[in-house]
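A.B. asks: Listed below, chain by chain, are the residues.
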Amino acid sequence: MSSENQDFNKSKAFLIDMTKCTGCRGCQVACKQWNQLGAEKTEFFTGEGYQNPPLMSEYTFTRIKFRDYEKNGQNEFAFYKEMCMHCNEPACASVCPVGAFKKTKEGPVTYDAERCIGCRFCMVACPFGVPKYEWSKALPLVRKCTGCYSRVKEGLKPACATTCVSAITYGNREEMIKEANKRIAARPEKYLKKLYGSEEAGGTSVIYLTALPFDELGFKPVTKRPLPSYTWQALRLVPGIFLTVGSSLSLLSWFNHRKERIAKEEEQRKSGATPKEES
Amino acid sequence: MTAAKIIVNEIKGYHRFVKFLIVLVALGALASLARFVFGLGVTTNLNDTFPWGLWISFDVVTAVPLAAGAFTLGAIVHCFHIKKLEPLVRPAIVTGFLGYSLVCVGLLLDLGQPQRCWHTMVYWNPHSPMFEVSMCIAAYTTVLFLEFLSPVCEKFGYHVPLRLLRTIEMPLVVAAASISTLHQSSLGTFFLIAVDKLHSLWYNPLLPLLFWLSAMCAGISIIIVEATMSHKYMGQPDESELLETLAKILPWVITVYLTVKVFSLVALTQGPLFNRPGLLVLFVVEVAVGVLLPLVMLMNGNVRENNRLRATAAWLVIAGVILNRFNVSMFGMEAPGTFYYPSFLESVVTIGIIAAHILFFVLIAKYFPIFEHHPETVDYSIPDHFRKTEKGHAHGAAKA
Ligand code: SF4
Ligand code: SF4
Ligand code: SF4
Numbered sequence: 001m002s003s004e005n006q007d008f009n010k011s012k013a014f015l016i017d018m019t020k021c022t023g024c025r026g027c028q029v030a031c032k033q034w035n036q037l038g039a040e041k042t043e044f045f046t047g048e049g050y051q052n053p054p055l056m057s058e059y060t061f062t063r064i065k066f067r068d069y070e071k072n073g074q075n076e077f078a079f080y081k082e083m084c085m086h087c088n089e090p091a092c093a094s095v096c097p098v099g100a101f102k103k104t105k106e107g108p109v110t111y112d113a114e115r116c117i118g119c120r121f122c123m124v125a126c127p128f129g130v131p132k133y134e135w136s137k138a139l140p141l142v143r144k145c146t147g148c149y150s151r152v153k154e155g156l157k158p159a160c161a162t163t164c165v166s167a168i169t170y171g172n173r174e175e176m177i178k179e180a181n182k183r184i185a186a187r188p189e190k191y192l193k194k195l196y197g198s199e200e201a202g203g204t205s206v207i208y209l210t211a212l213p214f215d216e217l218g219f220k221p222v223t224k225r226p227l228p229s230y231t232w233q234a235l236r237l238v239p240g241i242f243l244t245v246g247s248s249l250s251l252l253s254w255f256n257h258r259k260e261r262i263a264k265e266e267e268q269r270k271s272g273a274t275p276k277e278e279s
Numbered sequence: 001m002t003a004a005k006i007i008v009n010e011i012k013g014y015h016r017f018v019k020f021l022i023v024l025v026a027l028g029a030l031a032s033l034a035r036f037v038f039g040l041g042v043t044t045n046l047n048d049t050f051p052w053g054l055w056i057s058f059d060v061v062t063a064v065p066l067a068a069g070a071f072t073l074g075a076i077v078h079c080f081h082i083k084k085l086e087p088l089v090r091p092a093i094v095t096g097f098l099g100y101s102l103v104c105v106g107l108l109l110d111l112g113q114p115q116r117c118w119h120t121m122v123y124w125n126p127h128s129p130m131f132e133v134s135m136c137i138a139a140y141t142t143v144l145f146l147e148f149l150s151p152v153c154e155k156f157g158y159h160v161p162l163r164l165l166r167t168i169e170m171p172l173v174v175a176a177a178s179i180s181t182l183h184q185s186s187l188g189t190f191f192l193i194a195v196d197k198l199h200s201l202w203y204n205p206l207l208p209l210l211f212w213l214s215a216m217c218a219g220i221s222i223i224i225v226e227a228t229m230s231h232k233y234m235g236q237p238d239e240s241e242l243l244e245t246l247a248k249i250l251p252w253v254i255t256v257y258l259t260v261k262v263f264s265l266v267a268l269t270q271g272p273l274f275n276r277p278g279l280l281v282l283f284v285v286e287v288a289v290g291v292l293l294p295l296v297m298l299m300n301g302n303v304r305e306n307n308r309l310r311a312t313a314a315w316l317v318i319a320g321v322i323l324n325r326f327n328v329s330m331f332g333m334e335a336p337g338t339f340y341y342p343s344f345l346e347s348v349v350t351i352g353i354i355a356a357h358i359l360f361f362v363l364i365a366k367y368f369p370i371f372e373h374h375p376e377t378v379d380y381s382i383p384d385h386f387r388k389t390e391k392g393h394a395h396g397a398a399k400a
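Protein chains in written order, with my numbering: chain A, 1 to 279; chain B, 1 to 400.
Where hints are given, some of them may not hold.
Selected chain A positions facing chain B (in silico; Cβ < 8 angstroms) [as the list claims (entries may be wrong)]: (1) Q6; (2) Y59; (3) Y69; (4) N72; (5) G73; (6) I117; (7) K137; (8) A138; (9) L192; (10) L195; (11) S198; (12) G202; (13) K220; (14) P226; (15) L227.
Okay, the calculated bits of chain A under chain B, using three or more residues with CB under 8 angstroms as the criterion [to be verified]: (16) 153-166; (17) 179-186.
Read the hints as simulated data drawn from the structure, not as lab findings.
From a predicted model like this one, the values you see are computed outputs, not experimental measurements.
We treat Cβ as the ideally placed atom computed from N, Cα and C, and that holds for glycine.
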């Protein structure tokens, strides 16, 4: 994990303002193009909303979730761009036994397919259910949004942020949060007074602004504490436990065996044949 | 007669049950072949919302505590020096070695890129419980293999390696116990990361400790069951006196486990406990049938002295641990509205693995001296006048 001692304010983050999203799904297409992802067979209304494809998958790193709701007796749509949150302290990176996931200093959490052994622990660990698996292959790998690291590292914006006309802003995390708060302050009647991603899972590189309660949009409630700390509080005890158990058992057996050896030598001395004389 | 013919003739002489096991193992092998040809997606019921299924829940998370007999008994016998339990050590080691080897098989089947399993040895990530478990399993399988070599060397009369093994015996026992402590508990650490996924009936920060304690309960119970069964079905000597001693230790361990479990449930759990009736039923069954009932039974001296009742109590403990592991790694992880059940092929593979375990145990017991081991001829004391002690009286077993 490279995320310790990192100044997350300086790393890049997405600000996704869902009140400005028109549901054009340009980001979805741009992402497929840049990452050369295959198309998926269209099947309408198989997911929990009207979106297509129904779920993120090995072919779809981001998608717009459609949600209908009623407001003042009128049917309305809400949209939500789903993607990897590029957590500041990613659970996926912390549990991967071979360190295939890495939090880069630029912000994106990258995945090294060459290292991955396919244990799928990252999928179990990610609180947002982001990593997807190539279930169709005999020797599958994990797939997820790359944060367009190859672009970001060259100073470009991610493909989805470049395509989007208004809803996605990309820049320093600190500035994105400032900008978000400015927007809320400017139009308090419109926005919900909460940023999703500023604290979730210890803070992420994707910040959401909405008009609708987050749970209505299908956002999962997620702990505020960085996830790696949950396992680390047990794992950091490992060397200590190993040494304690090892040394106390060694001592114990040395003591118990010594007792026996002494008793045996005593007996041998009595019978007059000490093993020492033999050699 | 060619070698093949000798083998065929040998197999023809086997009991019907053993032949049946061979068929099951062969089916399991075929099914695992299908997994590599057609991929995980087609052959299993796993998907993106349920990435770990039966193979992790049973073949790994459950099989590891079931193989815990070796380390528990090794520590009891050698470190606390309770010598009369000695005859049970070898069967326990064989069970442990088989168990762990089959855990490795299960893991390899489940990995997407099994050919890269050596990556865990090269790219270290000490923050990952999976890294720790794979290191420990590799180390522990090696230790058990070395311990298992003793009966093999005895069988073929290799005296030099036997002496070497005898010298490193104690360090091996200590290493085995410490490594096991770590990875039995790390299996619990696995699920600490599933903060908002594992239901609060099982999720709490003491999960690693609970896994370790319940593994010890399972370990002791397995030894009781195994010795009772090999006495009954394989004509091995009756060890009931020794088993009574174990049955006296067991309720203490269960009590400690139960105390920690109740404490963590009452004091450390965050989140609702009673919102999922299905899970609540599973939890109650796990604790009532798998913990409380055997505890009450074993506190009764009549039960401990009765072969059948004692084995029944041990079976209950084992069932409780199995259910606990399934609850933690499978049922408790299912989000409301989703449901995973293993596919036909997944189940065949797992049945094959269980059959392989029993089969190999029976075969090893048939061809190697794991029961006819005479502890009184062996001196396990640490030779601190190195050669001298050895020459004096240490290698009785090697000559026996
Ligand atoms: S959202 Fe999931 S996959 Fe993305 S960085 Fe966070 S833990 Fe990793
Ligand atoms: S599946 Fe690959 S990337 Fe995910 S935790 Fe396992 S090794 Fe790491
Ligand atoms: S950052 Fe790149 S990979 Fe991620 S959703 Fe946007 S376009 Fe796709």
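A.B. asks: For each hint, tell me whether it holds in the structure or not.
C.D. replies: Hints, one by one, checked against the model:
1. Interface hint at A/Q6: violated, since its Cβ lies 15 angstroms from the closest Cβ of chain B, which is beyond the 8 angstroms cut-off.
2. The criterion of a C-beta within 8 angstroms of any C-beta in chain B is not met by A/Y59, whose closest approach is roughly 12 angstroms, and the hint is violated.
3. Look at A/Y69: its Cβ only gets to about 20 angstroms from chain B, farther than 8 angstroms, so that hint breaks.
4. A cut of 8 angstroms between beta carbons decides the hint on A/N72: the least distance to chain B is about 30 angstroms, and the hint is violated.
5. At about 29 angstroms, the closest approach between the beta carbon of A/G73 and any beta carbon in chain B exceeds 8 angstroms, and the interface hint on this residue is violated.
6. About 5 angstroms separates the beta-carbon of A/I117 from the nearest beta-carbon of chain B, less than 8 angstroms, and the hint is met.
7. Annotation: interface hint on A/K137 holds; nearest CB of chain B at approximately 5 angstroms, less than 8 angstroms.
8. For A/A138, the shortest C-beta to C-beta distance to chain B is roughly 5 angstroms, which falls under 8 angstroms, so the interface hint holds.
9. Checking A/L192 against chain B: minimum C-beta separation of about 21 angstroms lies over 8 angstroms; hint violated.
10. Evaluation of the A/L195 hint against chain B yields a violated restraint, the C-beta minimum of about 19 angstroms exceeding 8 angstroms.
11. Interface hint at A/S198: violated, since its Cβ lies 18 angstroms from the closest Cβ of chain B, which is beyond the 8 angstroms cut-off.
12. Restraint check, A/G202 versus chain B: the minimum CB separation of about 11 angstroms is more than 8 angstroms; hint violated.
13. For the restraint placing A/K220 at the interface with chain B, the shortest Cβ-Cβ distance is roughly 7 angstroms, inside the 8 angstroms limit, so the hint holds.
14. Taken as an interface hint, A/P226 does not check out: its beta carbon lies about 10 angstroms from the nearest beta carbon of chain B, beyond 8 angstroms.
15. For the restraint placing A/L227 at the interface with chain B, the shortest Cβ-Cβ distance is roughly 6 angstroms, inside the 8 angstroms limit, so the hint holds.
16. Evaluation of the coverage hint for the region 153-166 of chain A: breached, as 0 residues show C-beta separations to chain B shorter than 8 angstroms, against a requirement of three.
17. Counting residues of the region 179-186 of chain A whose C-beta sits closer than 8 angstroms to any C-beta of chain B gives 0, which falls short of three, so the coverage hint is violated.
Figure legend: structure checked against the earlier numbered hints; hints not met, in rising order: 1, 2, 3, 4, 5, 9, 10, 11, 12, 14, 16, 17.
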